[in-house]
Amino acid sequence: MQTITVSDAVGQALAEEMRRDPRVLMFGEGVATKRHDLVAEFGTQRVRNTPLAEGIIAGTAAGAAAMGLRPVVDLLFAPFLTLSMDAIINSAGKLRYLSGGQFEFPMVVLTMTGAGWGVGAQHNHNLEAMFVHAPGLKVVMPSSAADFKGLMKAAIRDDNPVLFFMDLALAHVPGPVPEGEHLVSIGRAAVLREGRDVTLVSYAKTVGHCLQAAQALQEQGVSAEVIDLRTLKPIDEATVLASVRKTGRLIVVHEASRLCGVGAEVAAIVSEKAFGALTAPVMRLTGPDAPSASSWVLEQAGVPQADAIRDAALRLVNTETVAA
Amino acid sequence: MPHTLALPKVLAPINGPIEADSRSEPTMSLSLDPTFRISLLETMMLIRAHEERLASLATPTSPGTCTAVGQEAAAAGVVRALQTRDRILTNHRSAGHLIARGADPGRVMAEVMGRSDGYCKGKSGSLHVSARELGVVLTSTIVGGELSLAPGVALAQKMGQQESGGITTVFFGDGAACEGIFHESVNLSVTWQLPVLYVCENNQWQAYVRRDETMPIEHVADWVRGHGIASRTVDGNDVEAVHAAAVEAVAAIRSNGKPYFLELTTYRQRGHFEPDDQAYVDKAELASWKAHDPIALLTERLTQAGVIAQGELAHLRQRVNATVDAALAFAQNSPWPDPRELTTDVYA
Ligand SMILES: Cc1ncc(C[n+]2csc(CCOP(=O)(O)OP(=O)(O)O)c2C)c(N)n1
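Which chain is which? The protein sequence lines are A and B, in order.
If you count the first sequence from 1, position 314 lands on 336 in my numbering, and the numbers rise without skipping.
If you count the second sequence from 1, position 205 lands on 269 in my numbering, and the numbers rise without skipping.
Keep in mind the hints are simulated off the structure, nothing from the lab.
A few of these clues could be false.
If you only want the chain A side, here are some residues facing chain B, beta carbon under 10 Å, derived [claimed, not checked]:
| # | residue |
| --- | --- |
| 1 | Arg68 |
| 2 | Ala84 |
| 3 | Ala109 |
| 4 | Gly115 |
| 5 | Arg118 |
| 6 | Ala289 |
Residues of chain B clear of chain A, computed beta-carbon distances all greater than 10 Å [stated by the list, open to error]:
| # | residue |
| --- | --- |
| 7 | Glu106 |
| 8 | Lys185 |
| 9 | Ser194 |
| 10 | Ala214 |
| 11 | Asn320 |
| 12 | Leu361 |
| 13 | Gln368 |
| 14 | Gln374 |
| 15 | Gly375 |
| 16 | Leu377 |
| 17 | Thr408 |
The beta-carbon is built from N, C-alpha and C at its ideal position, and this holds for glycine as well.
Produce the entire structure from the sequences given, and follow the hints as far as they go.
Encoded structure:
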């Protein structure tokens, strides 16, 4: 087992997939400048710099994908995705259906998001739920180096457009990654910690906060189960439902704002399909409905932290005690 | 049995220097053989008959459609300068491009009518018809969407996907040229030297907005000049001039691998979306463009030159009408899609 950063895990995944399949290519603003190793190995035809024009980067990826290439485009910061939404949502996401299945769009859109860099709201915006809402797309947002590598490889091999969000604060976090071929299936959540009393569901950076909260809860005699969704679309309903049926309590945690976020979806799935198992109301801990500030203090204040998660879990456990 | 035109014949490419950025008519030294000239006429007649039939069906409750009546010379002239290895991207006015490419009018009509025998199983409707088997990919009805996709299709061709040496032709309007993505697309194609033929059908309308309300200049070509792309503006109603220009453009792209911009000046003779009473259209302007109708123009020229006789013309009309009758019958007999198709083809 090697220990490498999330960023290196993605780099490894890219190199391995480009080696494996000559149809894989990568382009974006500064991709060829920053990924020297890929340029050295695969040349400037397959690793390209583009103009600063997000619409045409994404559109070119969709056109190339429909013709049989497997492009990975780096759109840098998630807020820039709004300039490429036409190509991603209206072309890549819809044209397979509208053409009656004649075309496939095997492309990956890589982008960075999340607090931790103090770059302010026009460089930091958790937009993932917008893409979950669009048909024809898949959305991946891992939390560990191993999952970044395995899911990136799976995303490149997937015949659908995959949005791949990297939480900036995780980029330099090291973690164990298996040597050799390592694939993680898109659409499978991971149970990172087993528990009996409450289920904590999260993805990306706040998974770590949930694990810290679970540790703190254990010290107070509360057993929390922690689930990392890893993939937001397709979402792994079965793992979430099985856990809630066991614990009876659910807290969904994410940095994106609450209204119509992934947490709302998870809460709805659970209330539709496991209502009888719930012994307390479902809770959501999310970022506020506000642009993210660049001030480090404000930025951190927008992200659900371990203490808040712990306190919420304690409240839920007590709610039931009170109700009973 | 639905009627299918043979795939376009290929003319020998013309070699020689390409005059970039030319406003002149392309040289008509290209001596077209009579059979080919008549077939251009027949293609235009078939497109017109097909679209007029579709328009006659459109009511407020049955499927409307965007026709390109008056613009048949662009479809016939350009598409028939292409080869099967070439790819086509088009927009909401695609029927002419499809039919010129040899699409079965019955399947095009079935698609517009939402039937299962349409090229896209009835999931496209009139606005995004694509036909992979004909190399007509990724029809976008997002104005400018096709321009966004074109460099990628051409990049894939350049990088050896599918038949070698193919080029990408993208059809779009003057309205699409007002979208920022137009400039992003041309800039990327020039920078990456992608084999794209940009064909702007400047038909003077942008839905219900006159072009001169939104463009301070006459020609989109004036905009692209700054991008360093070879360009030419041609009378888009003269199918032979269009064809000659397209043949030259295609030859240039194949020989130097760089994109080329062709602007065809034409006019949208019917409304934006059927049914449309065109109450907003200047009657005199419409009449003057109808006097320069592409089908009438070629018919007149071929008749004058003795290339086609009245009898043969009548025969062509008959044949075209019979084809459209058969197409309509085919479309009407085609079953509706099974409601279970609602959620198929979303993911690969
Ligand atoms: C992005 C977008 N904006 C607006 C529309 C509505 N619309 C459909 S066709 C059209 C006119 C496009 O004009 P042009 O590109 O010149 O093509 P033409 O219809 O003249 O062939 C408009 C505005 C659309 N489909 N997409």
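**Study point:** Violated constraints from the hint list, given by number and in increasing order
**Key:** Checked against the structure, the hints that fail are numbers 6, 8, 9, 10 and 17, while the rest are satisfied.
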